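Chemist: The chain contents come next:
Protein chains: 2
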Amino acid sequence: MCGLHVDLYVNFMFVENSHYQSRGVSASKEEVHSAIATLDPGLYPHAFCRIFPDYLAGDPEWTCLSHADGAGTKSLLAYVYWKETGNLDVWKAIAQDALVMNLDDLLCVGAYQHFVYTSTIGRNKRWIPGEVLKALVEGTAACIEQLRTYGVDIHYVGGETADIGDLVRTIVVDGNMTVRWPKNRLITNEHIQEGDMILGLASFGQTIYEQHYNSGIGSNGLTLARHELLHKSYLQQYPEACDPQMDPALQYTGPYRLSDPVSPDGYTVGDLLLSPTRTYAPFLKSLLEEYREGVHGLIHCTGGGQTKLMRFLPAGLAAVKNHLFPLPPVFQLIRESSSASWKELFQVFNMGHRMEIITDEKHADDMIRLAETFHIQAHVVGSIVKANSEAVLQIIHPEAGVLVYP
Amino acid sequence: MCGLHVDLYVNFMFVENSHYQSRGVSASKEEVHSAIATLDPGLYPHAFCRIFPDYLAGDPEWTCLSHADGAGTKSLLAYVYWKETGNLDVWKAIAQDALVMNLDDLLCVGAYQHFVYTSTIGRNKRWIPGEVLKALVEGTAACIEQLRTYGVDIHYVGGETADIGDLVRTIVVDGNMTVRWPKNRLITNEHIQEGDMILGLASFGQTIYEQHYNSGIGSNGLTLARHELLHKSYLQQYPEACDPQMDPALQYTGPYRLSDPVSPDGYTVGDLLLSPTRTYAPFLKSLLEEYREGVHGLIHCTGGGQTKLMRFLPAGLAAVKNHLFPLPPVFQLIRESSSASWKELFQVFNMGHRMEIITDEKHADDMIRLAETFHIQAHVVGSIVKANSEAVLQIIHPEAGVLVYP
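Chains as they are written, first to last, in this note's numbering: chain A, 1 to 406; chain B, 407 to 812.
The hints are simulated quantities; they were obtained by calculation from the structure and are not laboratory data. Bear in mind that the values here come from a model prediction, so they are computed numbers and not experimental data. Careful: at least some of the hints might be erroneous.
Unchecked claim - The calculated SDA-like cross-link candidates involving lysine to any residue, where the alpha carbons are at most 25 Å apart (straight line), are:
id: 1; chain 1: B; residue 1: 531; chain 2: A; residue 2: 254
id: 2; chain 1: A; residue 1: 183; chain 2: B; residue 2: 519
id: 3; chain 1: B; residue 1: 638; chain 2: B; residue 2: 747
id: 4; chain 1: B; residue 1: 768; chain 2: B; residue 2: 778
id: 5; chain 1: A; residue 1: 125; chain 2: A; residue 2: 40
id: 6; chain 1: A; residue 1: 125; chain 2: B; residue 2: 649
id: 7; chain 1: A; residue 1: 125; chain 2: B; residue 2: 657
id: 8; chain 1: B; residue 1: 638; chain 2: A; residue 2: 245
id: 9; chain 1: B; residue 1: 691; chain 2: A; residue 2: 57
id: 10; chain 1: B; residue 1: 531; chain 2: A; residue 2: 36
id: 11; chain 1: A; residue 1: 285; chain 2: A; residue 2: 305
id: 12; chain 1: B; residue 1: 589; chain 2: B; residue 2: 450
id: 13; chain 1: B; residue 1: 531; chain 2: A; residue 2: 243
id: 14; chain 1: B; residue 1: 531; chain 2: A; residue 2: 285
id: 15; chain 1: B; residue 1: 531; chain 2: A; residue 2: 250
id: 16; chain 1: B; residue 1: 691; chain 2: A; residue 2: 58
id: 17; chain 1: A; residue 1: 183; chain 2: B; residue 2: 464
id: 18; chain 1: B; residue 1: 489; chain 2: A; residue 2: 36
id: 19; chain 1: B; residue 1: 531; chain 2: A; residue 2: 37
id: 20; chain 1: A; residue 1: 125; chain 2: A; residue 2: 86
id: 21; chain 1: A; residue 1: 125; chain 2: B; residue 2: 650
id: 22; chain 1: B; residue 1: 589; chain 2: B; residue 2: 695
id: 23; chain 1: A; residue 1: 125; chain 2: B; residue 2: 644
id: 24; chain 1: A; residue 1: 125; chain 2: B; residue 2: 437
id: 25; chain 1: B; residue 1: 749; chain 2: B; residue 2: 716
id: 26; chain 1: A; residue 1: 134; chain 2: A; residue 2: 88
id: 27; chain 1: B; residue 1: 540; chain 2: A; residue 2: 40
id: 28; chain 1: A; residue 1: 285; chain 2: A; residue 2: 372
id: 29; chain 1: A; residue 1: 125; chain 2: B; residue 2: 444
id: 30; chain 1: B; residue 1: 638; chain 2: A; residue 2: 126
id: 31; chain 1: B; residue 1: 540; chain 2: A; residue 2: 39
id: 32; chain 1: A; residue 1: 134; chain 2: B; residue 2: 452
id: 33; chain 1: A; residue 1: 83; chain 2: A; residue 2: 246
id: 34; chain 1: A; residue 1: 285; chain 2: A; residue 2: 61
id: 35; chain 1: A; residue 1: 134; chain 2: A; residue 2: 193
id: 36; chain 1: B; residue 1: 489; chain 2: A; residue 2: 61
id: 37; chain 1: B; residue 1: 638; chain 2: A; residue 2: 244
id: 38; chain 1: B; residue 1: 531; chain 2: A; residue 2: 251
id: 39; chain 1: A; residue 1: 362; chain 2: A; residue 2: 317
Just need the whole structure built from these sequences, with the hints factored in.
Modeler: Next comes the structure, spelled out in structure tokens:
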């Protein structure tokens, strides 16, 4: 969510680990929420992003939004991959991560064109040469260029590249996206109602606008995935890619190197963890142009994973998800290697779908068919019900059992 | 400048130090410039920020700009100060630094109202608790609130707070500001001409909208200032506030602790180095409303210091600065402690004025009088001349002698 966006790339194993409980996720989220509590919540309390009056052009029928987000610690994984392989293309994927983490949040309020984008890169020049900056800039431009062919116009108008090695160990890649949008075409989640279906859009596979298989990993939970999947030898090999004051027993505790093949198709751990965050923009543009009246809500399953929806439900409603996608390989891998519980995994990762459309029964099939024209798998993963207890969300899963949130 | 903004918070002593020449500033600037060379330069090549068509509202008579910048390594100095004193107010100053580094760049294209602002904070939760985030958010809001009383409206609509301790040693504080502005009220620096005066606006003193004396330090050159002024003991005391892989001989080589008083008025080193970056917005709003036709150019002396102007002069023109402000105490202190040459100091620091108005003779006195009503010292520091050699800028200074750039 925008707002002040609270996006905590923390290692969820700390929750389980008693001597790190004080660094747990709940506490830190409360801390950040408390810090930003006095800020203007915007015009629509249930909307996925904070929506404001049109401060930029003063039109009473329009609104404006400006949104900040970034690739988080996925850039660290890219750093190690690039050092191991010499392949600069991984930085183009990171550029896409930063862009899509902004774009797909804004899609959730119904906006799909006339975006303005800036990028902010903070680097340690000792480790990050100019060719990495070049790949990031080119990756951003290439991603924007491709989206333009689908009618999603993003204008890359600026940014900042700062050498701040005393502050940044390797590289931080952030972005900011601004848009105006008419009030009568907003999605505010206020129309979510009892009986609605939750349509999940697969985070994995290969859309018609992707050149390669996408693992579905997105840009959330990478600190957990990195430390729990990768081998301790990385700690010695790339000390700049960790916090030296963190207990080494909690760093890089896994069995893998990035080059290890782990899927029947020959994909390596690196391929799976560094898949760029898929955007749903081309499909959602078509969807919102054809079926906007049927879209009751849109949820981007980022920080908070499959529980993200909970924060945006109107009062008196709850959600049941009982038909999630089968775990794609990257999340199977994480599940097998991680000490995190199923309950936590669903809070950290998208686990198979990263976008949800809340709609009514009569639109669901048409929307699924439209998604399939973009080669995006879609199906009904759950439904909206009346809240009858303190549970705002139940996940019912063949392996995980019944999980109740909060 | 906006654009992709190239802002290099590098330590200029590396230029002088043979075994660090490869990390020198010129090289790194070229590197970043090369990385961003393919990006759209915008509509006006000499303008201080890249100005684009009105992508946000599509009005042919308007333009739009979105700008990213931050407090850079000044946040590190704030960290040490806060650890030493427990005074959270220093974080409010850092919030102002990030905001003003965006705002005052945008003022230079003539824009002074209807801004939208987001902040991006990346922290290491081990060192930076919630109360620091709270002070940053409150500091941003307070700064905005005060500017509103002068008719400069900035809308704080979002941001991101990420816990990324594997990437960030302590805290990075960045911001992004977006604005639309009518073409017929832009300042593009195209009207700068031979015979124009360069009016300098003091970076130090106390304006009618400041509660305390401002040292004039701004948000540039803090890496140099920090390492060359502060005492080696900080290296042991706050290892998180440095790059452990940098040669210790180059870190914290100075004589001072932050609490050392260094001015006749009792100001400490910390007071001088952590003065918040002054904004010129209240004055420039009045100036642009009364005398816009007389404003041929506006230059914010940030990265590049007194040489910043060079990048924005129309072809065939050069500048002579022969009547700079006497060095205020903070720059005297830096001059006395630093091994950097005069030539470099003028390239890193504003040295006394952080904003320049290029105007003609008939407007200069009125503008100076208007500045004085805001208690901003202003005077003619130099002039625009015909370029007659390769020198684009000469600084003629009683102590430094004649310095020729580039």
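Chemist: Each of the hints needs a verdict: does it hold here or not?
Modeler: Hint check results:
1. About 24 Å separates the Cα atoms of residue 531 of chain B and residue 254 of chain A, which keeps this hinted pair within 25 Å; it holds.
2. Among the hinted pairs, residue 183 of chain A with residue 519 of chain B is consistent with the structure: their alpha-carbon atoms are about 23 Å apart, no more than 25 Å.
3. For the proposed pair residue 638 of chain B and residue 747 of chain B, the alpha carbon gap of about 22 Å is at most 25 Å, so the pair holds.
4. A threshold of 25 Å between alpha carbons decides the hint, and for residue 768 of chain B with residue 778 of chain B the separation of about 17 Å falls inside it, so the pair holds.
5. In summary, the hint linking residue 125 of chain A to residue 40 of chain A is not supported, as the alpha carbons are separated by about 38 Å, beyond the 25 Å threshold.
6. Among the hinted pairs, residue 125 of chain A with residue 649 of chain B is consistent with the structure: their alpha-carbon atoms are about 11 Å apart, no more than 25 Å.
7. Taking the CA atoms of residue 125 of chain A and residue 657 of chain B, the gap is near 16 Å; set against the 25 Å cutoff, the hint holds.
8. A hinted pair counts as satisfied when its Cα atoms are at most 25 Å apart, and residue 638 of chain B with residue 245 of chain A qualifies at roughly 21 Å.
9. This hinted pair checks out: residue 691 of chain B and residue 57 of chain A have alpha carbons roughly 19 Å apart, not beyond 25 Å.
10. Our distance criterion of 25 Å between C-alpha atoms is met by residue 531 of chain B and residue 36 of chain A, whose separation comes to about 16 Å.
11. A threshold of 25 Å between alpha carbons decides the hint, and for residue 285 of chain A with residue 305 of chain A the separation of about 23 Å falls inside it, so the pair holds.
12. Between residue 589 of chain B and residue 450 of chain B, the direct Cα distance comes to roughly 11 Å. Compliance with the 25 Å bound is thereby established for this hinted pair.
13. Restraint check: the Cα-Cα separation between residue 531 of chain B and residue 243 of chain A comes to about 11 Å, which is no more than 25 Å; the hinted pair holds.
14. At roughly 38 Å between alpha-carbon atoms, residue 531 of chain B and residue 285 of chain A are farther apart than 25 Å, so this suggested pair is violated.
15. Between residue 531 of chain B and residue 250 of chain A the alpha-carbon distance is near 16 Å, which keeps this suggested pair within the 25 Å criterion.
16. Restraint check for residue 691 of chain B and residue 58 of chain A: satisfied, since their Cα atoms lie roughly 19 Å apart, inside the 25 Å limit.
17. Of the supplied pair hints, the one linking residue 183 of chain A and residue 464 of chain B holds, its CA atoms being roughly 17 Å apart against a limit of 25 Å.
18. At roughly 23 Å between alpha-carbon atoms, residue 489 of chain B and residue 36 of chain A fall within 25 Å of each other, so this suggested pair holds.
19. Proximity of residue 531 of chain B to residue 37 of chain A is assessed by CA-CA distance (about 19 Å); at most 25 Å being required, the pair is judged to hold.
20. Of the pairs offered as hints, the one joining residue 125 of chain A and residue 86 of chain A holds, with about 17 Å between alpha carbons and a cut-off of 25 Å not exceeded.
21. Between the alpha carbons of residue 125 of chain A and residue 650 of chain B the distance comes to roughly 14 Å, so the proposed pair stays at or under 25 Å and holds.
22. Only pairs whose Cα atoms come within 25 Å are accepted, and residue 589 of chain B paired with residue 695 of chain B is accepted, the gap being roughly 15 Å.
23. With a C-alpha separation of about 22 Å, the suggested pair residue 125 of chain A and residue 644 of chain B falls inside the 25 Å cut-off, and the hint holds.
24. Among the hinted pairs, residue 125 of chain A with residue 437 of chain B is consistent with the structure: their alpha-carbon atoms are about 11 Å apart, no more than 25 Å.
25. Proposed proximity of residue 749 of chain B and residue 716 of chain B is supported: the alpha carbons are some 15 Å apart, at most 25 Å.
26. This hinted pair checks out: residue 134 of chain A and residue 88 of chain A have alpha carbons roughly 9 Å apart, not beyond 25 Å.
27. Among the hinted pairs, residue 540 of chain B with residue 40 of chain A is consistent with the structure: their alpha-carbon atoms are about 15 Å apart, no more than 25 Å.
28. Between residue 285 of chain A and residue 372 of chain A the alpha-carbon distance is near 14 Å, which keeps this suggested pair within the 25 Å criterion.
29. A C-alpha spacing of about 21 Å is found between residue 125 of chain A and residue 444 of chain B, which places the hinted pair at or below 25 Å, so the restraint holds.
30. A threshold of 25 Å between alpha carbons decides the hint, and for residue 638 of chain B with residue 126 of chain A the separation of about 22 Å falls inside it, so the pair holds.
31. Restraint check: the Cα-Cα separation between residue 540 of chain B and residue 39 of chain A comes to about 11 Å, which is no more than 25 Å; the hinted pair holds.
32. In summary, the hint linking residue 134 of chain A to residue 452 of chain B is supported, as the alpha carbons are separated by about 24 Å, within the 25 Å threshold.
33. At roughly 22 Å between alpha-carbon atoms, residue 83 of chain A and residue 246 of chain A fall within 25 Å of each other, so this suggested pair holds.
34. Between residue 285 of chain A and residue 61 of chain A, the direct Cα distance comes to roughly 21 Å. Compliance with the 25 Å bound is thereby established for this hinted pair.
35. About 47 Å separates the Cα atoms of residue 134 of chain A and residue 193 of chain A, which puts this hinted pair outside 25 Å; it is violated.
36. For the hint linking residue 489 of chain B to residue 61 of chain A, the alpha-carbon distance of about 48 Å lies beyond 25 Å, and the restraint is violated.
37. Restraint check for residue 638 of chain B and residue 244 of chain A: satisfied, since their Cα atoms lie roughly 21 Å apart, inside the 25 Å limit.
38. For a cut-off of 25 Å, the pair hint linking residue 531 of chain B to residue 251 of chain A stands: about 16 Å separates their Cα positions.
39. Pair hint residue 362 of chain A plus residue 317 of chain A holds up; C-alpha atoms about 20 Å apart against a cutoff of 25 Å.
Hint violations for this structure: numbers 5, 14, 35 and 36, all remaining hints satisfied.
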